[in-house]
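Protein chains in written order, with my numbering: chain A, 1 to 366; chain B, 1 to 251.
Be aware that one or more of the hints could be misleading.
What the hints assert, rightly or not - Derived SDA-like pairs: lysine to any residue, alpha-carbon spacing no greater than 20 Å straight-line: (1) K53/A <-> G209/B; (2) K156/B <-> L271/A; (3) K80/A <-> Q46/A; (4) K280/A <-> A270/A; (5) K40/A <-> G122/B.
Honestly, the hints are just simulated from the structure, not real lab data.
On a predicted model such as this, the values are computed, not experimentally measured, just so you know.
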Amino acid sequence: MVNLFKKLPIKMILGFLLGGILLITFANHDDFLYQKPIFKVETVRQISITKSKDSFQNTDYNYQQELTGHVINGQYKGKKLSINNSYTMSSAMDHKYLPRQKAFITLHNSSGSATIKDYKRDVPIIFLIYLAIALLCIFLKFSGITAIGSIIINSILFIFAIYLDGFNNGNNVLLIFSALASIFSAVTLFVIIGHNRQMYVTLASTLICTLISIIISLIVFKFTHEKGIFYESMQYVTQPPRPLFLASTIIGSLGAVMDESTDIISSLFALKMERPQISKKQLFLSGRNIGKSIMGPLINVLFFIFMGETLSMTLLFLKNGNSWGYSFSMNMSLGMVQSLISGIGIVLAIPVASALTSLFAKESQK
Amino acid sequence: MSAIIVLGIVLFILMILIGGKQGLQSFLSLILNFGFLFFAIVLIAFHFPPIIVTIVTGIIVLALTIFLSGTNDSTSGLAFVASILVLFILVLLIIPIENWAQVQGFGLEDSDDLEGLSILIGINFVKIEIATAILSTLGAIAEATMAIASGLDEIKEQHPEIKPSRLLFDGIYVGKQIIGTTLNTLFFGLFGGSLSLFVWFHSLNYSFGDILNDKVFDAQLIVILFSLIGVILTIPITSLVMAEKWRKDNK
Numbered sequence: 001m002v003n004l005f006k007k008l009p010i011k012m013i014l015g016f017l018l019g020g021i022l023l024i025t026f027a028n029h030d031d032f033l034y035q036k037p038i039f040k041v042e043t044v045r046q047i048s049i050t051k052s053k054d055s056f057q058n059t060d061y062n063y064q065q066e067l068t069g070h071v072i073n074g075q076y077k078g079k080k081l082s083i084n085n086s087y088t089m090s091s092a093m094d095h096k097y098l099p100r101q102k103a104f105i106t107l108h109n110s111s112g113s114a115t116i117k118d119y120k121r122d123v124p125i126i127f128l129i130y131l132a133i134a135l136l137c138i139f140l141k142f143s144g145i146t147a148i149g150s151i152i153i154n155s156i157l158f159i160f161a162i163y164l165d166g167f168n169n170g171n172n173v174l175l176i177f178s179a180l181a182s183i184f185s186a187v188t189l190f191v192i193i194g195h196n197r198q199m200y201v202t203l204a205s206t207l208i209c210t211l212i213s214i215i216i217s218l219i220v221f222k223f224t225h226e227k228g229i230f231y232e233s234m235q236y237v238t239q240p241p242r243p244l245f246l247a248s249t250i251i252g253s254l255g256a257v258m259d260e261s262t263d264i265i266s267s268l269f270a271l272k273m274e275r276p277q278i279s280k281k282q283l284f285l286s287g288r289n290i291g292k293s294i295m296g297p298l299i300n301v302l303f304f305i306f307m308g309e310t311l312s313m314t315l316l317f318l319k320n321g322n323s324w325g326y327s328f329s330m331n332m333s334l335g336m337v338q339s340l341i342s343g344i345g346i347v348l349a350i351p352v353a354s355a356l357t358s359l360f361a362k363e364s365q366k
Numbered sequence: 001m002s003a004i005i006v007l008g009i010v011l012f013i014l015m016i017l018i019g020g021k022q023g024l025q026s027f028l029s030l031i032l033n034f035g036f037l038f039f040a041i042v043l044i045a046f047h048f049p050p051i052i053v054t055i056v057t058g059i060i061v062l063a064l065t066i067f068l069s070g071t072n073d074s075t076s077g078l079a080f081v082a083s084i085l086v087l088f089i090l091v092l093l094i095i096p097i098e099n100w101a102q103v104q105g106f107g108l109e110d111s112d113d114l115e116g117l118s119i120l121i122g123i124n125f126v127k128i129e130i131a132t133a134i135l136s137t138l139g140a141i142a143e144a145t146m147a148i149a150s151g152l153d154e155i156k157e158q159h160p161e162i163k164p165s166r167l168l169f170d171g172i173y174v175g176k177q178i179i180g181t182t183l184n185t186l187f188f189g190l191f192g193g194s195l196s197l198f199v200w201f202h203s204l205n206y207s208f209g210d211i212l213n214d215k216v217f218d219a220q221l222i223v224i225l226f227s228l229i230g231v232i233l234t235i236p237i238t239s240l241v242m243a244e245k246w247r248k249d250n251k
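So that you can see chain B by itself, here it is in the shape it has in the complex (with noise of 0.2 Å):
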């Protein structure tokens, strides 16, 4: 059996053992993930326009993890609503600095990979850049609307008297708290993912300006702040999405 099939079993029975049902659903909610992410990539591949087809899973790929995720539903849906305002948001700044960084396709570095392919595909890369960024920042929207959300419905059930505008200060003090740890969970899966490639550079004595200006190291950098700009975006977008909700609650 391959390896990948016996980690993925022993993923789940730990989720299915301490998670119980919703550790199912969360499961099943990264294997769905798997599926509409490559759904999503053999679509491009059939020249399907690019950031359409990102936006349209990412939106997806949002109520799943969100719903499949919360317990509370009227809260889900608040922080679903927040994760797609902070989306859209990401989106209009995606598509024009991945159009002034130029950071898409290949670099140099990827020379040996390249070997006996063709590269004239017809698909613009730039696009393929775009739904890169896009998709990469999904899960950290989710996690950090997630969070919020449910912070701040156990304020509103411990608080039921709670002002609006107080809640709305609430979220930004739990978003502070999650802001460091996110962080690192952001930039600690970019010193991962680059590990071989700085190894690269060092071997290859690269200098500051040529690692600053590297195609593909910009690119990975690209889409960590992408999605750290998302986690905060998230913060106050979430606050006030719920405490609206509250206020028109209450009235």
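Looking at chain A on its own, in the form it has when it is part of the complex (with noise of 0.2 Å):
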């Protein structure tokens, strides 16, 4: 234990400590970098409480709350308000304000009143950036740094990609993600492995497994006529939802075939270089070990992400009185595709990427 302690690097740590305040101090008074009117609480009065039930025998509790306070930014810095705001006890789509809180709002200069639009949250989400970019850099140096890297240049490309797929009105959607993939994967292993041998074998390991998972999925597809697919209850669509659930499918499971591939890979590589005598045959073996206990691992942690997200949906149509069966249909039914093509391409990644290997690790030896 004392030993830990000696080895954490407390400059560092103070260092982020001190950033940390600083940022955060900074990013509670960003409010002059937005060009929306924001309102900062200041009394709160509560006014009313009703008792509601709506035809599912759900019960409910409806507040009105007065909120005064300032206008902190823009033109009408300082104008003194009293916005009424009305919030529920489930808080699906509304919130209670505190004093101290900020929000948008929507002034109407008529009449001189204005009305609460949403919460002003982005101290919070740059606070838990910030920790998690600590975090990588306190306990793991300078692979936490490369590690930031790769994920920034990946966000530039994938807005990239978004700019492009609007400037084509969403027409070559699959297209231009596929292209995107294939350029994720490479930006990626080029950082975090570097440029060699190893790197390719691991590139072509992840884009063939990600391509064949695609695949029989579109096969399975035709022959089931998409039988249990629910289309019209993907989220947020603005255009033809099949090409965008294939993009998406395509973007969300290729980093977990790339974390199956490089795992294999890269022990593969380090047990030949040990080993140079090590047959083909043992080479493929060995690579069927190590993926073996680490796909089930990783279909899992995509599971949880796809379906973790629609548990408020899910929640909500159950409420509603709907069936467990419908509730799941019309909710995780995308999510569940999701995660299974990418558990495909998990599992296809152990073979590929072991033969892949015992294939280029011999060429390597002549």
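Hints in hand, dock the two standalone chains.
Written as structure tokens, this is what we have:
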């Protein structure tokens, strides 16, 4: 235990703590950066409470509160306002305001009144991002920094692809995002592994497995006539949903397939280096052994991310008198399909990554 | 037959062909995890306290995932202990931050989907969002603890006379190797999951500030950041748990 505390980089931790305090103080006063009027609540007065019951016997409470405070940015800075806000006990789409909280508002110029639009939540988001970055750097030092670098590059590429998709009005969505997926993999692996044979083998394995898993899924879709897949339940859709769904599945499963391939291939390259005499078949079998134990947990990672998102909506469906089956179909079926497709990709990565390594590691020996 | 069942069968066959008995166990853990996840939602719908239901579900899911995918029981036991520690630290972080960020329930972008539904269901959605965040991190925690625990196990087998302090150092080293790729799994998951949302933002000309404060996007981002923080915490905690056990065994 004592050893661990001795090894902790105290200077770095203090640096991040200081940086964090400065950043959060700044974020707390970043209102001048926004064009939309921001309202800071100073006093809150409870006006009324009413009990409500919907047609499914769900009991809830509606609250009315009067908020007084000032506009703190833009041309109406300093203007004193008193705004009525209503919120509910369940707070699905509303929020109970407390003194010192900030909100975006819409000012109605004619009447001089205003309505609340949304809570200002940039400070907690910035805090959490900073916390993640600080922990990455403290525990992992340089590896943390390269990992953050690859995320930043990928985010820029992702935004670029979104713009490109916008210019094409969603006509080539699948093409654009498949190309993005290839570039994503190449950039990420270059950053993590560097420019060498191992990187190319991993890249090949990642792309081949993602491609095969999508082809398998398309074949399954064709023979089952996509029964049980409800594209109409897809959220936030402004373009034809089917290609958008496939694109998001490709991008979503890519990381996990890459994860599995990298783990297998890096272990096998290390093994090959330690024991150059190892046979092709032995190398393949070792790859299978390594891959077998990671595939289960890895499939679960994406499964929980894809399914977790659907919790609120599924619950709402259940509470609105829908059956379990219907609630599942309308909210969870797409996440389930995505989890299964990425699962297929992850499992395929085991033989493909092992085979590619045993082939190419052999060649390097000649 | 529905496409989900056929895809499930394809995955099952592949897992058996490639993983054998371990593949069968992993597939079983996936099915059971789904069962427990759905069961948790049903319990919450029956007004059981959401956070407690989720923590209990979380412990069950971690146990299932870790014990059904591991080969060595004593390593799996240590990995399980480490994962529970990480889970509790995360819960202590998730509860205040979700209350602060207020990303619960639905955003304006959800309005179309909510048509005809009553949202006054009498269950506090902040708690539901906390439950969502906890559930979403489970997979990542289980994966990371397993990876580090089995890596350290390998090292212990190869060098039986290794010192506990050295084992701790090695754990951090193994962690460095897995973090880069795990980070990708999480962030590509986020990119994939929020693809249609970003197309929406683009077509409606959201500014950077709008996106930074957008409830729906922030909810997804926060979940990924919690998973990431969970994975980072896993590295020292798993190494510490294994090194402490090794120290006790060597005495």
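The hints, checked one at a time:
Under the criterion of a C-alpha separation no larger than 20 Å, the hint pairing K53/A with G209/B is inconsistent with the structure, at around 37 Å. A C-alpha spacing of about 17 Å is found between K156/B and L271/A, which places the hinted pair at or below 20 Å, so the restraint holds. Under the criterion of a C-alpha separation no larger than 20 Å, the hint pairing K80/A with Q46/A is consistent with the structure, at around 19 Å. Our distance criterion of 20 Å between C-alpha atoms is met by K280/A and A270/A, whose separation comes to about 14 Å.
Distance hint between K40/A and G122/B is unfulfilled; the C-alpha atoms sit about 29 Å from each other, more than 20 Å.
The structure does not agree with the numbered hints 1, 5 stated previously, though it agrees with the rest.
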